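Protein chains: 4
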Amino acid sequence: MLHKTPYPEYADLPGWRGKLNEIIFGTETPGGKAFDVALIIVIGLSVVAVMLESVGSVRQRFGPELYVFEWAVTILFTIEYILRLSCAGRPLRYALSPFGLVDLLATLPTYVSFFVPGAQALQVIRLLRILRVFRVLKLASYLEAGGVIMTALRASRHKIGVFIFAVLTLVTVLGSMMYFVEGEAHGFTSIPKSVYWAIVTLTTVGYGDISPQTTVGQVLASVIMLLGYGMIAVPTGIVTAEMNLASAAARVCSNCGVGRHDPEANYCRNCGSRIRGGES
Amino acid sequence: MLHKTPYPEYADLPGWRGKLNEIIFGTETPGGKAFDVALIIVIGLSVVAVMLESVGSVRQRFGPELYVFEWAVTILFTIEYILRLSCAGRPLRYALSPFGLVDLLATLPTYVSFFVPGAQALQVIRLLRILRVFRVLKLASYLEAGGVIMTALRASRHKIGVFIFAVLTLVTVLGSMMYFVEGEAHGFTSIPKSVYWAIVTLTTVGYGDISPQTTVGQVLASVIMLLGYGMIAVPTGIVTAEMNLASAAARVCSNCGVGRHDPEANYCRNCGSRIRGGES
Amino acid sequence: MLHKTPYPEYADLPGWRGKLNEIIFGTETPGGKAFDVALIIVIGLSVVAVMLESVGSVRQRFGPELYVFEWAVTILFTIEYILRLSCAGRPLRYALSPFGLVDLLATLPTYVSFFVPGAQALQVIRLLRILRVFRVLKLASYLEAGGVIMTALRASRHKIGVFIFAVLTLVTVLGSMMYFVEGEAHGFTSIPKSVYWAIVTLTTVGYGDISPQTTVGQVLASVIMLLGYGMIAVPTGIVTAEMNLASAAARVCSNCGVGRHDPEANYCRNCGSRIRGGES
Amino acid sequence: MLHKTPYPEYADLPGWRGKLNEIIFGTETPGGKAFDVALIIVIGLSVVAVMLESVGSVRQRFGPELYVFEWAVTILFTIEYILRLSCAGRPLRYALSPFGLVDLLATLPTYVSFFVPGAQALQVIRLLRILRVFRVLKLASYLEAGGVIMTALRASRHKIGVFIFAVLTLVTVLGSMMYFVEGEAHGFTSIPKSVYWAIVTLTTVGYGDISPQTTVGQVLASVIMLLGYGMIAVPTGIVTAEMNLASAAARVCSNCGVGRHDPEANYCRNCGSRIRGGES
Numbered sequence: 001m002l003h004k005t006p007y008p009e010y011a012d013l014p015g016w017r018g019k020l021n022e023i024i025f026g027t028e029t030p031g032g033k034a035f036d037v038a039l040i041i042v043i044g045l046s047v048v049a050v051m052l053e054s055v056g057s058v059r060q061r062f063g064p065e066l067y068v069f070e071w072a073v074t075i076l077f078t079i080e081y082i083l084r085l086s087c088a089g090r091p092l093r094y095a096l097s098p099f100g101l102v103d104l105l106a107t108l109p110t111y112v113s114f115f116v117p118g119a120q121a122l123q124v125i126r127l128l129r130i131l132r133v134f135r136v137l138k139l140a141s142y143l144e145a146g147g148v149i150m151t152a153l154r155a156s157r158h159k160i161g162v163f164i165f166a167v168l169t170l171v172t173v174l175g176s177m178m179y180f181v182e183g184e185a186h187g188f189t190s191i192p193k194s195v196y197w198a199i200v201t202l203t204t205v206g207y208g209d210i211s212p213q214t215t216v217g218q219v220l221a222s223v224i225m226l227l228g229y230g231m232i233a234v235p236t237g238i239v240t241a242e243m244n245l246a247s248a249a250a251r252v253c254s255n256c257g258v259g260r261h262d263p264e265a266n267y268c269r270n271c272g273s274r275i276r277g278g279e280s
Numbered sequence: 001m002l003h004k005t006p007y008p009e010y011a012d013l014p015g016w017r018g019k020l021n022e023i024i025f026g027t028e029t030p031g032g033k034a035f036d037v038a039l040i041i042v043i044g045l046s047v048v049a050v051m052l053e054s055v056g057s058v059r060q061r062f063g064p065e066l067y068v069f070e071w072a073v074t075i076l077f078t079i080e081y082i083l084r085l086s087c088a089g090r091p092l093r094y095a096l097s098p099f100g101l102v103d104l105l106a107t108l109p110t111y112v113s114f115f116v117p118g119a120q121a122l123q124v125i126r127l128l129r130i131l132r133v134f135r136v137l138k139l140a141s142y143l144e145a146g147g148v149i150m151t152a153l154r155a156s157r158h159k160i161g162v163f164i165f166a167v168l169t170l171v172t173v174l175g176s177m178m179y180f181v182e183g184e185a186h187g188f189t190s191i192p193k194s195v196y197w198a199i200v201t202l203t204t205v206g207y208g209d210i211s212p213q214t215t216v217g218q219v220l221a222s223v224i225m226l227l228g229y230g231m232i233a234v235p236t237g238i239v240t241a242e243m244n245l246a247s248a249a250a251r252v253c254s255n256c257g258v259g260r261h262d263p264e265a266n267y268c269r270n271c272g273s274r275i276r277g278g279e280s
Numbered sequence: 001m002l003h004k005t006p007y008p009e010y011a012d013l014p015g016w017r018g019k020l021n022e023i024i025f026g027t028e029t030p031g032g033k034a035f036d037v038a039l040i041i042v043i044g045l046s047v048v049a050v051m052l053e054s055v056g057s058v059r060q061r062f063g064p065e066l067y068v069f070e071w072a073v074t075i076l077f078t079i080e081y082i083l084r085l086s087c088a089g090r091p092l093r094y095a096l097s098p099f100g101l102v103d104l105l106a107t108l109p110t111y112v113s114f115f116v117p118g119a120q121a122l123q124v125i126r127l128l129r130i131l132r133v134f135r136v137l138k139l140a141s142y143l144e145a146g147g148v149i150m151t152a153l154r155a156s157r158h159k160i161g162v163f164i165f166a167v168l169t170l171v172t173v174l175g176s177m178m179y180f181v182e183g184e185a186h187g188f189t190s191i192p193k194s195v196y197w198a199i200v201t202l203t204t205v206g207y208g209d210i211s212p213q214t215t216v217g218q219v220l221a222s223v224i225m226l227l228g229y230g231m232i233a234v235p236t237g238i239v240t241a242e243m244n245l246a247s248a249a250a251r252v253c254s255n256c257g258v259g260r261h262d263p264e265a266n267y268c269r270n271c272g273s274r275i276r277g278g279e280s
Numbered sequence: 001m002l003h004k005t006p007y008p009e010y011a012d013l014p015g016w017r018g019k020l021n022e023i024i025f026g027t028e029t030p031g032g033k034a035f036d037v038a039l040i041i042v043i044g045l046s047v048v049a050v051m052l053e054s055v056g057s058v059r060q061r062f063g064p065e066l067y068v069f070e071w072a073v074t075i076l077f078t079i080e081y082i083l084r085l086s087c088a089g090r091p092l093r094y095a096l097s098p099f100g101l102v103d104l105l106a107t108l109p110t111y112v113s114f115f116v117p118g119a120q121a122l123q124v125i126r127l128l129r130i131l132r133v134f135r136v137l138k139l140a141s142y143l144e145a146g147g148v149i150m151t152a153l154r155a156s157r158h159k160i161g162v163f164i165f166a167v168l169t170l171v172t173v174l175g176s177m178m179y180f181v182e183g184e185a186h187g188f189t190s191i192p193k194s195v196y197w198a199i200v201t202l203t204t205v206g207y208g209d210i211s212p213q214t215t216v217g218q219v220l221a222s223v224i225m226l227l228g229y230g231m232i233a234v235p236t237g238i239v240t241a242e243m244n245l246a247s248a249a250a251r252v253c254s255n256c257g258v259g260r261h262d263p264e265a266n267y268c269r270n271c272g273s274r275i276r277g278g279e280s
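Sequence order for the protein chains is D, G, S and E. Residue 1 is where the first sequence starts when you use this note's numbering, and the numbers rise one by one after that. Residue 1 is where the second sequence starts when you use this note's numbering, and the numbers rise one by one after that. Residue 1 is where the third sequence starts when you use this note's numbering, and the numbers rise one by one after that. Residue 1 is where the fourth sequence starts when you use this note's numbering, and the numbers rise one by one after that.
Source of the hints: derived by calculation from the structure; they are not laboratory data. Mixed in with the good hints, there may be bad ones.
If chains are identical, the list can't say which one is meant, so a pair holds when it fits in one copy or spans any two.
[Claimed, not checked] Only pairs whose alpha carbons sit at most 25 Å apart, straight line, appear in this in silico SDA-like list of lysine to any residue:
#1 Lys33 - Ala166
#2 Lys33 - Tyr67
#3 Lys33 - Thr169
#4 Lys19 - Phe165
#5 Lys19 - Leu85
#6 Lys19 - Gly183
#7 Lys33 - Asp209
#8 Lys33 - Ile82
#9 Lys33 - Leu168
#10 Lys19 - Arg61
#11 Lys19 - Val216
Note that the structure is predicted; figures quoted are calculated from it, not measured.
Could you put together the complete structure from these sequences and hints?
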């Protein structure tokens, strides 16, 4: 990961734009933290409002209040988006970055609903803004925790890829077999539907909306279930093995950079300075 | 963990209060053990009685007997509570501690039912007293076992926090998407209900009371199922990695305190005294 | 595990009884192996026959054939039981051992059905004889594999005990809460039934025969599901940590007894003799 | 794994047959890669076509187009099969190898449907050709990833065998018990059906098409669920322990063959040459 300018938004701008950049995009100054926390609260409330509005009984009783709140948040987000654009290091790259697009899309639905009734339903896209919280949380010791998880997942991506491919082949082949074994009369109306059923079964979800009726079908279903039950050991083993390595590797001396210290060690074996973050 | 006065209840009181304190709050003397075992049995029987009373057919046949038993246990618990108060090191802090509050709440419902019929149903709170058993079990080698589990969970709390946040964001976003894809006609009557469905699906519970009907919905549901099936590897990997460390760290020499002995070692590598408890 | 006379049945008897003992109870001589394999086949066929007889359509068509087969197996098992008794080292202790009791109970139902019609249904107990197969399989490299699993499970029994207790307390408390939240109208007809539902939900089985209807109930159910989804990491972590140790410990030099060799090592680091069974 | 002629198809043939062999069976030359990628795309499209044709509404609208596409792919596969036969090192051994049989069976259904209407449904066997993709993917770093998984699974095959046997015995015994406890009135119509139900429950799939109604049955079902919930830790522990070893063993120096390098190491501890593929 690049430690310098990981996002196109940071910049050492002079004057009020630099100040604003520090508050809006920064996460380390008191002002930047306060802004992020306030933003998270507004996003959270806005998402709760969108969720509540979808409940019929709530919409009937608090419809006007939710309507006003919706517009207030939309205007707030619009001002925020304009400020972000005005103080970003490279405004265009920010606007086209995933976070920039989500920031824009979070404001549009309410305006569109002005012309096209019902469009405010699309506000649900605002939920994605919550992902920004991850960056805020990165400040503290969650940085290391998230880093260890990402390291383990990145290190095991090829093995996980092989596993996903094996699972998809399996549900396609077994689902197709079930289509021929059970047939349309028992709910397996097409191969795609049978593959869907195979996924429901292999992942041990088991809705029960479709279930095998014939003896051969139940034997085949038993094989799928036992496979799904046992195969979960494979990704678990993959991630755990990498997590073991990542966990150990995380105990890095902040002074000299030597890593993989014994979990019991309090001082670096190389330079003798104190090791922190052994908790992870 | 503080090894001195971990609870506000212990005290070196003189006379009968000290004796009583040892029996009621202590867990190491014969009297203290006997009291704890007796208490566990009474709590267990009382909980079974509350459970049976909720069964219609049992209530009809053994109603009066259960009514008498209920009052007997309530009076017993009341006396016990008064004794606990009288001999606790700091009575007020005990009364306000979680265990103290549960001890009090375990007696109230029956009295309240004297004035408000039906209130005895609240006796279910008595179930929480069973948690006290954990402290009793801590006496023996379960101390180490519970300690290793707690150490592993505490060490991985930041990683688990990141994971829980990721899961909650995922079910909110995916649940909202399902609300728009499937709509109210197929049982996804509101966003909160769709999020509930997403939790049912991601955790592979799969009741089947709500299930996707459209093709797009079934594709999206398949993605959620496969995510839930595979993502379980993450917390498992986190806890396992910490458990590996905690398990190894637990082999500590009781003489000199040096830990992390080889599982095969019988003698401390530092001072040569015998190592015990390598089992757990 | 005691390596001498692990079962009360072995004995160094003279004459035909010693010979018979070697064949019937032994698992290492050619005769003993052949007998065990034959026995497994007969038990397997007998169990399949019992299963098929429970299927209505099969019973109607092959009733007489299954009846004859049933009696043939019963007479065979009776003769075998008498021979086992006659050549066991300590006949009484064999007769009272779990395997001895199962051997006896496997023959009785058919005789009892002579006087009490329908009793042959109890033949299902014969299924338990299949457990004897484990001992036969122990012969080969499955000995080590089974040994590693048992070592890991035995080493983690205290931690697993703490976990089981936590799960049982959790389903009791949460099940009781659901009884009060949902009530009898929504299928939660009693506390035991609600606890049953909590087990169905926490273990992510999710039949869907009972499912929460109220908002509070669905929120509580979501908590139970997420707990069940995440808590599986605890026993997995426990067993994996022990399995890591047991797996490594299993690479023991058969010459000098030094264990825990590197998985890559082909020769003992202590005495230089070749290490086998590193595969496990 | 044999590195020389792992498949009977490779050969150092002279002239056009050697060239063709390199393209059709080879995976390392540009031509071989291009052929494999093209083949995967055609197989993928063909499988999608078979799946779509099983959907009633699609069949009605695009029936003729799918019919033409089906014949085009069949003729293409026939030509390919003849070319494979003509340039394989040992044509007969290729034709009788699993991949060779699948290649043949992938072409037959359409021809058979010429005489026997409906036989084209058997084209689903074409899905198995996708497994050939694994060999193509093996080219890159997926080779190592797949190798680590296979090594771990192969190393734990005896332990997994013991586990599968334990699971099958358990579902047979517990399923039979449920047949006697619940009886035919509650859906447990025969022992095989009850065993099927036990598999559905133990693997935590839980369709809910059959579920226990009696108190004893629900208690027994709870035991099965808790067993299934906890037992998943066993295969997970087995595979993880082996994955730990396989992951570490995979860091082998490509120069001198010394393995098990520290995950942090960049240079071989034996000969000093750079280590690659530590990522896996």
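Checked hints:
In this homomeric assembly, lysine 33 and alanine 166 come within 25 Å of each other (Cα to Cα) only across copies, at 21 Å, whereas the closest approach inside a single copy is 45 Å. Taking the shortest Cα distances, lysine 33 and tyrosine 67 never come within 25 Å of each other, neither inside one copy (29 Å) nor across copies (58 Å). Taking the shortest Cα distances, lysine 33 and threonine 169 sit within 25 Å of each other only across copies (21 Å), while inside one copy they are farther apart (47 Å). In this homomeric assembly, lysine 19 and phenylalanine 165 never come within 25 Å of each other (Cα to Cα): the closest approach is 49 Å inside a single copy and 31 Å across copies.
Taking the shortest alpha-carbon separations for lysine 19 and leucine 85, only the intra-copy value of 14 Å comes in at or below 25 Å, while the best inter-copy value is 59 Å. Taking identical chains as interchangeable, the C-alpha atoms of lysine 19 and glycine 183 are never at most 25 Å apart, the minima being 67 Å within one chain and 46 Å between chains. Proximity of lysine 33 and aspartate 209 under a CA criterion of 25 Å is satisfied in neither setting, with 48 Å inside one chain copy and 43 Å between copies. For the identical chains of this complex, lysine 33 and isoleucine 82 are intra-copy neighbours only, at 20 Å inside a copy versus 50 Å across copies, given an alpha-carbon limit of 25 Å.
Taking the closest pair of Cα atoms, lysine 33 and leucine 168 come within 25 Å of each other only across two copies (23 Å); inside a single copy the shortest separation is 43 Å, beyond that limit. Taking the closest pair of Cα atoms, lysine 19 and arginine 61 never come within 25 Å of each other, the shortest separation being 43 Å inside a single copy and 62 Å across copies. For the homomeric pair lysine 19 and valine 216, neither the shortest alpha-carbon distance inside one copy (70 Å) nor that between copies (46 Å) is at most 25 Å.
Hints 2, 4, 6, 7, 10 and 11 from the earlier list are contradicted by this structure; the remaining hints agree with it.
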